[in-house]
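J.: Those protein sequence lines, which keep their order, are chains A and B. Be aware that the first sequence starts at 1, since it is given in my numbering, and climbs by one per residue. Be aware that the second sequence starts at 1, since it is given in my numbering, and climbs by one per residue.
Do not rely on the hints blindly, as some may be mistaken.
For each label pair, taking beta carbons as the anchor points, the in silico distance ranges come out as [claimed, not checked]:
1) A:K66 to B:E100: 55 to 63 Å
2) B:L150 to A:T104: 37 to 45 Å
3) A:T104 to B:E100: 46 to 54 Å
4) A:L311 to B:L97: 48 to 56 Å
5) B:I101 to A:L11: 36 to 44 Å
6) B:F143 to A:S10: 35 to 43 Å
7) B:F5 to A:L292: 48 to 56 Å
8) B:E133 to A:I338: 43 to 51 Å
9) B:D2 to A:S10: 17 to 25 Å
10) B:A153 to A:I338: 19 to 27 Å
11) A:L311 to B:V89: 50 to 58 Å
12) B:L150 to A:F310: 17 to 25 Å
Keep in mind that the hints were calculated from the coordinates and are not lab data. The model shown is predicted, which means the values in this text are computed figures rather than measured ones. Even glycine gets a Cβ: it sits at the ideal position worked out from N, Cα and C.
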Amino acid sequence: MEIGLRLAVSLAQIAAVMGVVMLTVMVLTLAERKVLGWMQDRMGPMEVGPYGVLQPIADGLKLFFKEDIIPAGANKFLFTLAPILALVPALIGFAVIPFGPSLTIEVFGMQIKPFVISDINIGILYILAFASIGAYGIILGGWSSNSKYSLLGGLRSAAQVISYELNVGLAIVGVILLSGSLSLVKITEAQAGGFWNWFILAMPFPQIFAFVVYVISAVAETNRVPFDLPEAESELVAGFFTEYSGMRFAFFFIAEYANMILVSCVAAALFLGGWNAPYPGTILGYIGLDSLAWMENVVWFAVKVYFFLFLFFWLRATLPRLRYDQLMRFGWKVMLPIALGNIVLTAIAAYFFPR
Amino acid sequence: MDHIFFFYFAAVIAMTSLLVVALRNPVYSALALLIMFFHVAGLYVTLHAEFLAAVQIVVYAGAILVLYLFVVMLLSVTSEERYHNQLPVAGLLGVVLCTEIILLFFQSQATASAPAASVDPVAGPGNTELIGEALYSTYLFPFEVASLILLVAMIGAIILAKKDIHERIQ
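Work the whole structure out from these sequences, hints included.
T.: The structure is reproduced here in structure tokens:
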């Protein structure tokens with residue numbers, strides 16, 4: 001009975017988070033085109049609904065009704081499996097993200113944390129592990145399509161994801177050293193009490209360098225401009241998903257946007273204090289509405305995440321694509337030494353000035 | 001409950017390991033290996049070694065196997081016949097290993113000790129802290145030796161890769 005109830009609550013939480021993520025993906029597809037449009041002095045999509053706000057629905061319907069083509073000579077099993085392998089790891093990472101304060105509420109005598117699906121003690125490693133699995137979808141999709149462009153896209157992605165995953169992992173180590181925990185809930189809680197306690201600015205050693213390395217590597221890991229070589233349209237048609245159509249294409253598309261949201265959530269939780277407001281406590285708490293303070297926290301988390309998502313669009317409108325050798329040199333010879341140096345300095349600082 | 005999980009993970013690990021060597025298509029072999037890595041990680045989780053489980057996936061599934069796939073895809077072999085007549089060697093090795101396992105099994109039966117008291121996973125510092133402490137105190141020397149070997153391997157790889165460029169300059 002209790003297990004069944006617990007399962008039901010967990011499923012409800014998962015459904016809620018997935019709903020929010022999917023809704024955000026929909027918003028993002030429109031927001032990206034609108035933001036790009038405004039930055040290039042255009043209007044963006046205007047046809048469907050007022051100001052084009054119904055464009056995502058039209059896009060979704062179109063993709064849903066497109067013919068599903070499996071090219072001749074493709075490996076049918078892997079061609080089908082690849083989009084799923086790309087999408088599932090992108091969604092599964094949200095299980096450990098704390099979206100709001102770690103309250104516990106009692107439902108039918110059970111302790112439930114409403115704002116995190118599962119607070120496991122290796123949260124950030126869990127996200128890294130599944131982020132690295134996402135590369136399989138891209139690589140296998142590229143290989144199984146039986147197309148030169150797809151294969152090249154897949155190979156580029158393999159090399160790129162491995163190189164930049166290393167930097168993501170190393171950039172995070174500094175934060176872990178300061179907070180003394182791998183759990184995202186504890187890391188966020190360690191940054192409470194104003195923006196000067198956020199790990200990007202926190203004493204004894206501000207993680208500003210790690211933050212820059214993390215953000216750049218995150219852009220590279222999600223295959224976004226200026227690191228979108230796996231799908232470089234001017235040279236590889238569409239890279240690893242050249243041969244995909246209909247819902248399978250949509251899966252890759254959703255996976256890319258879900259990954260963007262995930263890395264934005266992680267960046268907000270690790271470096272910008274997660275759901276903590278940039279001032280101590282909450283305004284709603286000060287005016288005596290303690291029971292509603294969680295709303296303010298959740299809004300702050302959303303603001304930070306959307307800041308990063310806007311950054312993704314901004315970069316896309318601003319920067320040209322890197323050449324492949326530049327990408328590798330930048331990853332291994334610039335980012336890696338910075339990340340390693342940051343670990344050494346943070347470790348020394350944390351030893352002499354324990355928090 | 002623990003036993004069910006253990007037998008599930010053990011069965012899948014054994015099966016996928018067999019598939020890795022039995023399948024003709026190297027990409028399928030790599031995928032079987034991926035499934036195996038996940039189930040080994042699952043085994044770690046049932047032992048309350050969450051840190052090891054995550055590292056297992058990050059390192060083996062996330063980095064090493066991707067490189068394997070990379071190479072396999074570049075070779076673009078659909079089925080490689082060269083390596084499929086190793087039965088005599090494999091049989092010999094298999095017999096030796098089996099004897100070893102059976103011997104070990106009976107030895108441990110003879111000196112059967114009571115099963116170690118199950119450690120309460122909640123009490124004490126977390127799994128990650130314990131591994132860190134063990135590595136940097138009790139096992140400091142083996143740990144440093146291992147890192148030295150890795151460093152040597154890294155330098156070796158760089159020299160091997162650089163040889164080409166060196167000759168071209170001369």
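J.: Look at each hint and say if it fits the structure.
T.: Each hint, compared with the structure:
1. A:K66 to B:E100: 55 to 63 Å: holds (57 Å)
2. B:L150 to A:T104: 37 to 45 Å: With a Cβ separation near 44 Å, L150 (chain B) and T104 (chain A) satisfy 37 to 45 Å, so the hint holds.
3. A:T104 to B:E100: 46 to 54 Å: Taking Cβ atoms as reference, T104 (chain A) and E100 (chain B) lie about 51 Å apart, which means the hint holds.
4. A:L311 to B:L97: 48 to 56 Å: holds (54 Å)
5. B:I101 to A:L11: 36 to 44 Å: Taking Cβ atoms as reference, I101 (chain B) and L11 (chain A) lie about 42 Å apart, which means the hint holds.
6. B:F143 to A:S10: 35 to 43 Å: Between F143 (chain B) and S10 (chain A), where Cβ atoms are some 39 Å apart, the hint holds.
7. B:F5 to A:L292: 48 to 56 Å: violated (42 Å)
8. B:E133 to A:I338: 43 to 51 Å: violated (29 Å)
9. B:D2 to A:S10: 17 to 25 Å: With a Cβ separation near 21 Å, D2 (chain B) and S10 (chain A) satisfy 17 to 25 Å, so the hint holds.
10. B:A153 to A:I338: 19 to 27 Å: Check passed, 24 Å falls within 19 to 27 Å.
11. A:L311 to B:V89: 50 to 58 Å: 56 Å Cβ-Cβ, so the 50 to 58 Å window holds.
12. B:L150 to A:F310: 17 to 25 Å: The hint (17 to 25 Å, Cβ to Cβ) is violated, given that L150 (chain B) and F310 (chain A) are roughly 41 Å apart.
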